[in-house]
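What follows is the residue order along each chain.
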Amino acid sequence: MSFDAVSRRKFLALGGVGAVALALASCGRTTVPGAQMVGPPSGVPAAPPGPGDVMHGRSGGSVVTAWTAEGNSYDAQLGYDLHSWEAVTSLLYLPLFRFEGQAGGAAPAAAAALPEISEDGTRYVIRLRPDVKFHNGRPVVADDYVYAWRRLLDPATESWASGYFGSIVGSEDYLAGISTALPGVYAQDDLTLIVELSAPDVTFTSLMAQPYAAALPREEVERLGEEFSRTPVGNGPFMITSYDTKNRRSVFVRSPYYPWPGLPFLDEVVYRWGIDPSMQFLQLQNGDVDILGEGLTPTIAERVQGNPELRETYTKFIPVLGAGWAALNVATDKLADPRVRQALNWATDKDQLAKYSRGLQKSWGAIIPEDEPDYQRIVPPYSYDLTRAKALLKDAGVDSLELEFFCNDDDYWKSASLVLQQQWAEINVDLNITTLSNAAFWTALDNGEADVFGRQFYQVQPTGLDILASNFVTGASSNFQGYSNPRVDDLAGRSLASLTREESNAHLARAEALVAEDAPGVFIGSLQFYAMRSPRVQNYQMRAETGTYYDRIWV
Amino acid sequence: MSTIVAAAVRDEHVEVPAKPTKTVRRSKLLYIGLTLLGLLILFAAVAPLFGSPYVLHRDGLTDLGSPLGILSPGHLAGTDSLGRDLLARSASGLRATLVIAIAANVTSMLVGTVVGLIAGSFGPVVQQGLMRVVDVFLSIPIVLSGLALASIVGRGMWGIVVVVTALYWAWTARLVYGEVLRLRGRGFVEAAAVHGVGKLTILRRHILPHISTVLLNIAALNGAAVVVIGAGLSYLGAGIQPPQPELGNLLASGSTAIDYAPHLLLVPLVLTIATVLSFVLIAEGINRRNSLSERQSWLDI
Chain C
16 MSFDAVSRRK FLALGGVGAV ALALASCGRT TVPGAQMVGP PSGVPAAPPG
66 PGDVMHGRSG GSVVTAWTAE GNSYDAQLGY DLHSWEAVTS LLYLPLFRFE
116 GQAGGAAPAA AAALPEISED GTRYVIRLRP DVKFHNGRPV VADDYVYAWR
166 RLLDPATESW ASGYFGSIVG SEDYLAGIST ALPGVYAQDD LTLIVELSAP
216 DVTFTSLMAQ PYAAALPREE VERLGEEFSR TPVGNGPFMI TSYDTKNRRS
266 VFVRSPYYPW PGLPFLDEVV YRWGIDPSMQ FLQLQNGDVD ILGEGLTPTI
316 AERVQGNPEL RETYTKFIPV LGAGWAALNV ATDKLADPRV RQALNWATDK
366 DQLAKYSRGL QKSWGAIIPE DEPDYQRIVP PYSYDLTRAK ALLKDAGVDS
416 LELEFFCNDD DYWKSASLVL QQQWAEINVD LNITTLSNAA FWTALDNGEA
466 DVFGRQFYQV QPTGLDILAS NFVTGASSNF QGYSNPRVDD LAGRSLASLT
516 REESNAHLAR AEALVAEDAP GVFIGSLQFY AMRSPRVQNY QMRAETGTYY
566 DRIWV
Chain X
26 MSTIVAAAVR DEHVEVPAKP TKTVRRSKLL YIGLTLLGLL ILFAAVAPLF
76 GSPYVLHRDG LTDLGSPLGI LSPGHLAGTD SLGRDLLARS ASGLRATLVI
126 AIAANVTSML VGTVVGLIAG SFGPVVQQGL MRVVDVFLSI PIVLSGLALA
176 SIVGRGMWGI VVVVTALYWA WTARLVYGEV LRLRGRGFVE AAAVHGVGKL
226 TILRRHILPH ISTVLLNIAA LNGAAVVVIG AGLSYLGAGI QPPQPELGNL
276 LASGSTAIDY APHLLLVPLV LTIATVLSFV LIAEGINRRN SLSERQSWLD
326 I
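Chains C and X, in that order, give the protein sequences.
Sequential numbering from 16 applies to the first sequence in the working numbering.
Sequential numbering from 26 applies to the second sequence in the working numbering.
These are computed hints drawn from the structure, not numbers from a lab.
Among the hints, a few may not be true.
Said to hold, decoys possible - Listing some non-contacts, in silico: residues in chain X with all C-beta distances to chain C over 12 Å: (1) Lys53; (2) Leu101; (3) Ile143; (4) Phe147; (5) Ser170; (6) Ala218; (7) Leu246; (8) Leu291.
Unchecked claim - Output of the computed footprint for chain C on chain X, the stretches with three or more beta carbons under 8 Å from beta carbons of chain C: (9) 80-89; (10) 106-114.
Predicted model, so just to flag it, every value in this text is computed and none were measured.
Idealized CB from N, CA, C, for every residue including glycine.
Whenever a hint applies, use it, and build me the whole structure from the sequences.
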């Protein structure tokens with residue numbers, strides 16, 4: 016058909032059909048199915064502890080991870096926010112131990128074997144692998160741990176993690192600056208590290224699986240000075256090659272010194288930051304980034320969970336341990352009576368609240384997560400019982416109550432506070448909601464202005480003691496409720512000083528029962544986590560304690 | 026001059042013989058518009074029957090926290106992202122939008138008509154003074170000035186009425202002023218003036234009735250514009266604030282959910298379009314019907 020034969024009407028009709036076809040084609044974004052491939056045999060004989068395996072995969076390629084904010088530091092002993100934590104845990108450093116599988120405990124990584132622990136639980140003998148090297152090529156020796164741990168406990172370092180090593184002999188005086196000697200840590204030889212504790216610590220092996228316990232090269236720390244915070248020299252699977260504040264990106268390349276031949280698969284990992292969650296998700300869909308560091312956040316959860324195709328393509332459920340609760344300021348007169356606090360727990364329908372988390376929390380009325388392994392609780396979780404709540408308030412002589420709920424710019428708590436407002440209205444509790452900026456929120460908490468406020472806490476130790484000791488022990492770093500019960504403090508101490516996990520958990524269960532009775536919070540759920548990654552990212556593995564396992568990803 | 030006109034200019038009451046029956050061209054558009062507006066007002070009036078727009082229903086979300094879609098059990102129009110009934114919120118939102126539209130329309134028409142009549146009837150100083158003020162108001166971009174004004178007068182329902190009045194009175198004033206200028210040179214107005222009829226009486230008896238059609242037309246078109254700007258300001262966060270529903274803020278929250286819960290946008294969008302359409306149809310209907318226009322006014326002989 017020649018062009019001349021096409022009438023004006025036909026031409027317009029054909030053009031219209033073509034335009035519609037083009038529009039329809041552009042509407043239907045082609046998405047790669049989210050299912051992960053098996054991949055070619057990798058030939059990699061072994062891998063450090065962690066979830067998944069490395070039997071299949073191929074070398075090469077790079078991934079880009081997006082973060083909301085810049086990390087506070089890539090120094091293993093200073094980094095604490097999510098961005099920094101993943102960098103120091105999964106990229107830059109290899110601690111003595113790493114957690115095994117998806118839910119297992121510590122297993123040897125930079126250490127040659129699990130520590131030999133004395134019968135009284137106070138002396139640890141740790142044998143090191145001879146093939147672990149820093150990124151400058153120097154082998155890691157026991158003295159590097161002695162140096163690193165002394166630095167961790169040095170008040171001049173100002174490490175947030177120094178308190179975790181308080182059970183090492185001499186650490187109290189060292190931390191206080193009274194003594195320069197730390198007799199509890201010394202190198203027997205290049206490959207043997209000895210640690211002596213003043214009391215048993217059931218979590219100590221797990222502590223050595225944290226990045227702040229990794230070896231540091233003294234010569235590099237001293238050479239780089241302040242720069243060690245941005246471009247450190249570690250011993251992990253990747254080494255940093257650039258940190259660009261202006262363009263908000265850092266680049267990590269495969270370390271040739273990683274002791275497991277063939278790993279990591281990736282040539283390069285790029286971190287980008289300063290991108291808000293909605294934009295991150297668009298970039299993920301567009302292929303500009305491959306992994307969202309913070310995973311599925313409340314900001315995008317509704318959109319992703321509401322669209323089965325998006326959910327299937329980009330999310331991966333990661334079992335984690337953590338708790339969410341509405342913290343109650345026990346210092347206020349209004350909430351001084353435990354019966355009032357218990358009434359609020361009974362008046363809260365956790366099932367309804369869980370829906371507002373968009374899958375990031377499941378209904379659970381206790382502080383220790385429902386799925387805590389090897390844990391036998393002795394007190395049932397709070398459920399929804401309005402009659403009981405009203406009776407408790409009546410016993411307490413409270414007809415009505417007016418409470419101030421403060422929340423920051425967190426999408427979950429903004430919604431959850433509305434639900435609590437509605438639910439508590441049924442027992443004549445009037446909840447006034449104030450939304451503040453993040454900085455103003457924490458200032459208000461410090462000033463004790465809030466009666467109720469939202470809290471969430473992920474375990475970074477494989478024991479529920481991490482949640483209880485951090486949030487409900489007198490003076491604990493995250494005890495914003497102002498809660499104090501000497502019996503809880505005592506039981507938490509006993510749990511920590513236990514020689515076995517069973518014994519530790521038995522004390523923990525008794526402590527949890529006391530916390531439940533005192534109800535310094537309205538316990539509403541166990542936290543859940545969905546990782547967000549592009550379908551091109553294969554063998555994506557993650558644990559809440561560590562973040563993404565970049566050493567086994569392939570593309 | 027006929028007896029009737031002479032009596033009229035003297036502001037006397039006379040028996041006017043029945044006007045010869047004329048075939049008024051009926052406009053279906055007017056009735057369609059009125060019916061549509063009536064239905065919308067009825068829907069808004071019975072909003073409480075659909076339940077509270079603020080209740081977060083326990084069954085209002087799926088287990089993964091997604092809103093329920095249209096025709097879900099117990100929620101005919103589905104729910105929003107907080108599990109609130111969308112029918113209840115839309116009806117209440119429509120009510121707020123209509124209250125704003127009607128109130129702001131009445132006030133802007135009132136102010137605009139008074140200013141236009143005065144400017145057109147008095148001397149050049151008053152005329153120039155008022156019309157330059159009108160020019161200033163007409164030159165200001167509506168959305169930007171609306172946002173600025175809203176931040177000053179507040180973001181509640183009555184705040185938005187004040188804002189919309191301030192934005193729209195000048196359009197009415199300009200049109201009324203033009204009509205007054207046109208009419209004041211007409212014979213019956215001059216005759217009334219010659220007979221010593223006062224200015225206010227001339228305005229009331231001779232000019233106002235002749236611009237009534239124009240005013241009705243402006244009111245109808247203004248209604249449509251006021252719905253759009255009221256909802257627009259709420260959409261931009263300068264109008265009624267959540268959780269109080271209004272079509273604008275419902276559209277704003279719905280627009281973010283277009284890819285996973287399109288009903289959150291569609292339901293308020295349909296109501297907004299229907300409301301604007303009803304006003305436009307009424308205006309067009311009046312224009313076509315024209316039975317009250319100057320040419321077929323009851324004062325025409």
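Now the hints, each set against the structure:
no.	hint	result
1	Lys53	holds, 32 Å
2	Leu101	holds, 20 Å
3	Ile143	holds, 48 Å
4	Phe147	holds, 53 Å
5	Ser170	holds, 28 Å
6	Ala218	holds, 61 Å
7	Leu246	holds, 33 Å
8	Leu291	holds, 15 Å
9	80-89	holds (count 7)
10	106-114	holds (count 3)
Checked against the numbered hints listed earlier, the structure breaks none of them; every hint is satisfied.
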